[in-house]
Every structure is written in structure tokens, then in C-alpha cells.
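Please construct the entire structure, taking both the sequences and the accompanying hints into account.
The listed protein sequences derive, respectively, from chains A and B.
Last residue of the first sequence: number 97 in this note's numbering, and the count goes up by one each step with no gaps.
Last residue of the second sequence: number 407 in this note's numbering, and the count goes up by one each step with no gaps.
Simulated from the structure, these hints should not be mistaken for lab results.
Treat the hints with caution; some may be incorrect.
Derived BS3-like pairs (lysine-lysine); straight-line CA-CA distance at most 25 Å [to be verified]:
1. B:309 to B:263
2. A:33 to B:279
3. A:33 to B:289
4. A:33 to B:284
5. B:263 to A:26
6. B:284 to B:183
7. A:26 to B:279
Partner residues aside, some chain B positions facing chain A, computed with beta carbon under 8 Å [as the list claims (entries may be wrong)]:
8. 181
9. 190
10. 198
11. 210
12. 264
13. 267
14. 270
15. 286
16. 288
Among the chain B residues that face chain A by a calculated CB cut under 10 Å, a handful are [as the list claims (entries may be wrong)]:
17. 177
18. 178
19. 179
These figures come from a predicted structure and were not determined experimentally.
Glycine included, each C-beta is placed from N, C-alpha and C at the ideal position.
Listed below are the residues making up each chain.
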Amino acid sequence: MDKDKLKDILENVRLFFGAATDFNRKSRSMLFKEAHNEMDEFILLCFGDILGIPIPTTYYSLELLPLIAEDLDGWQQRMINRLYVWEEKWSDYGFDA
Amino acid sequence: MNKIIFFGGKGGVGKTTCSASYAVYSAQAGLKTLLVSTDPAHSTSDIFEKNIGDTITNIMPNLDAIEINGEKESKLYMDSVRKSLKNIVSTVIVKEINKQIDAAAVSPGTEEAALFDKMIDIITEQVREYDRIIFDTAPTGHTVRLLTLPELLGAWLETLISKRQKSVSLMSMANHNGYADKSEAEKDEVIKILKRRLDKINLAKKIMMDEKLLSFIFVINAEKLPIDETVKAINILEKYNISVDGIIVNKILPDSIQDNFWKSKKEQELKYLEIITEKFKDKKIFKLPMLVEDMKSDNIREIAAKFKDF
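If you want it as C-alpha cells, here you go:
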């Protein structure tokens, strides 16, 4: 076999496993995304009434407001812009990567 | 009789007079008693002719009283939230949050929630201090909600805590190459606040339901509506495994009636009294006569003495 060809194959294999096991590239962004999703759900359960969803426990979540106030604006935008849940979920599988 | 007693019943049947005189009776029997009024009209102050207010005030030996007020409690809570906003730099965000708080202040259920919160505070903090805590509650529906609250709030808080924990630990994994730092979830201020609330609710639930320290006394009149409402309320309480200690039939007419109008009234009353004995046959029934004079601080001891047969 050609020496260059073998080198090419080995390089491709190295790249494949390098990318597949590269934690810092994809996994980290997935973890961040998951963390943010959980947080968005958390805020929804606390302050859904901002979006017009009545939450009977709003009184009790008020004391959390100062702690998550800074996330609130971004959350509201994300919730309002969230038009296609399917598309959002689809992109989680990373076919576009 | 249990340690925490709720006086319930339809509006106007005489819950406040009964609970106040029962509190005096308990105090005179040597039990350290706390009387808690949740009525925004604060009739308890009027009965004892003493300004009680929202701090625990001594009325007579062995008897303290407090009047709690949903409006005031909710204001205190909102103010404390506003105060902790000082750490936020952005004025835009502060403005936004203040808008939120203002909206919550006028939304339905806020005062009720504040009142419940205060009642739970009193139950958890004072249960070891007093031999008996007597609540003069608002009309029935209100009180039943208080008992469903621990379950509703408990489930909600548990979900919130687990969501937040997951989020914090995922964040920590992302920052530490896939390994979550467990201490980060413990240090999280949001989780701390939620856990504190959950612990308090669970403690109240333990005191009220598991240890069975809570019981009810219903005040009724010998009339149709108070009887019907009380039957319904007792059914709900039994679902929550809360015992009903007794029924006080208040404002019984005297026998020595001459006037025709009152005679027929009395006949009707006797009919209802029969229904009462029939419907509440497994409960202790205690009859209080209609008073010639209003109950005040000078004659309350006399009325309290009647409770020794209860």
C-alpha cells in the first residue's frame, strides 16, 4: 500500500476519534444548553405569569426575584421567540454540525 | 383536647366570641394559651378592650393574643424583597422587578398567601412555647385551603429544587470538563431559600397532620345554612385525617319566651337542634345560650366558666 495513503487514513482516524472524544468542543456547549434549558423551565415554574400563564404560587417565588433578575429579560425573549419547538429539538441532535 | 385548635364556622355565628371565651377558659385552667385572630376586622381587640395588634400581647395571666393581618404581612414581605434588590446594579432590571412586585401586591390570593405564611410561622415557632394555640379563623373555605397548602407548595418546591440542582450541576460539569462539583449546588443561594421554605412547610405539616396536634371546633347556630356548611367542612377535614373535637351551638334562645314571634322561632330552633344531634352524633355538642348583653372584657370570665362542661 502507498505510504501516503496509509498516512491519510491514519490521519482521518485520528481526526475522527479526536473530534468524537473532544469534550471541549461539542459536549461543553451541549451541557451549557441543557443547563440553560433547565433554568428556563425553572423560571417558567416561578414566573409563568409574566407570560400570562397563571401560577398560583407566584407569591412564594417573589423572594427569588433578586437572585434571578438578571436572567429574566433573556428568558422572556427566548420564551416569546420560541415558535418552533420541533425545530429547536431537532437541532439538539446536531445534524448540522 | 389537642394543642392547636382552629375555631371554624360560617360568618356571623360567633367564632370570635367563642374562641375568645374558650381561650380565657383554657388560661384559667392553667394552660399557657395563645389566641391568634386572623380576622382583619380585629374584633379580638374589641372584646378584650385592649389594643392587641400584630405582636404577641399579654391579656391576662396565662393568656397572650396576637392579631395577624394578611395585608400587613404581604407588605412586609414585599419590602424585604425590595430591600434585597440593592445588590443589583442595573437600574433597568430594578425597575422591571419593582413592576413585578407591584403587580403581585394587587393580584388575588396575595394577602391570603401572606396570612397562611404567618400562620405557619406561628405554628412552627410557638408550638413549643404554649400549651394551647387557638386560632380564630376566617370563614370555612379559607381554613380548608390552609390544610391543602402544604401538599401543593411542597410538590412545587421539590420540583423547583430538583430543576435548579440539575441546572447548577450541568453548569458545573460544563465548567469542569465533565465533572460536577457537588458543593456548588449546596452553595447556591436560590436552593438555600427554596429549601428553607420547604423545611418550614414540612415542619408545619408534621405538626398539623402527622403528630395530630391540630383539631377543629366548629361553631354553628341552630339554623339551616351553618349546619349544612359545617357538614361539608367536616367531610373535607376527615379526608385530611384531621379530627373535629366538637360542635358549639351558639345563641340558643331561652325557654321562658312569651312573645308569639319568638315562640315559633324557638320551635324551629328545637327542630334544628334535633337535626344537629342527629348529624353530629359522634361529636361532642355544646350549647351556649344567647347572651343578654354583648360579651366584653368584664363578663368574658363568666362565659368562659361555662366551658368546663365541654
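Checking against the hints above, which ones are violated?
-> 1 and 16
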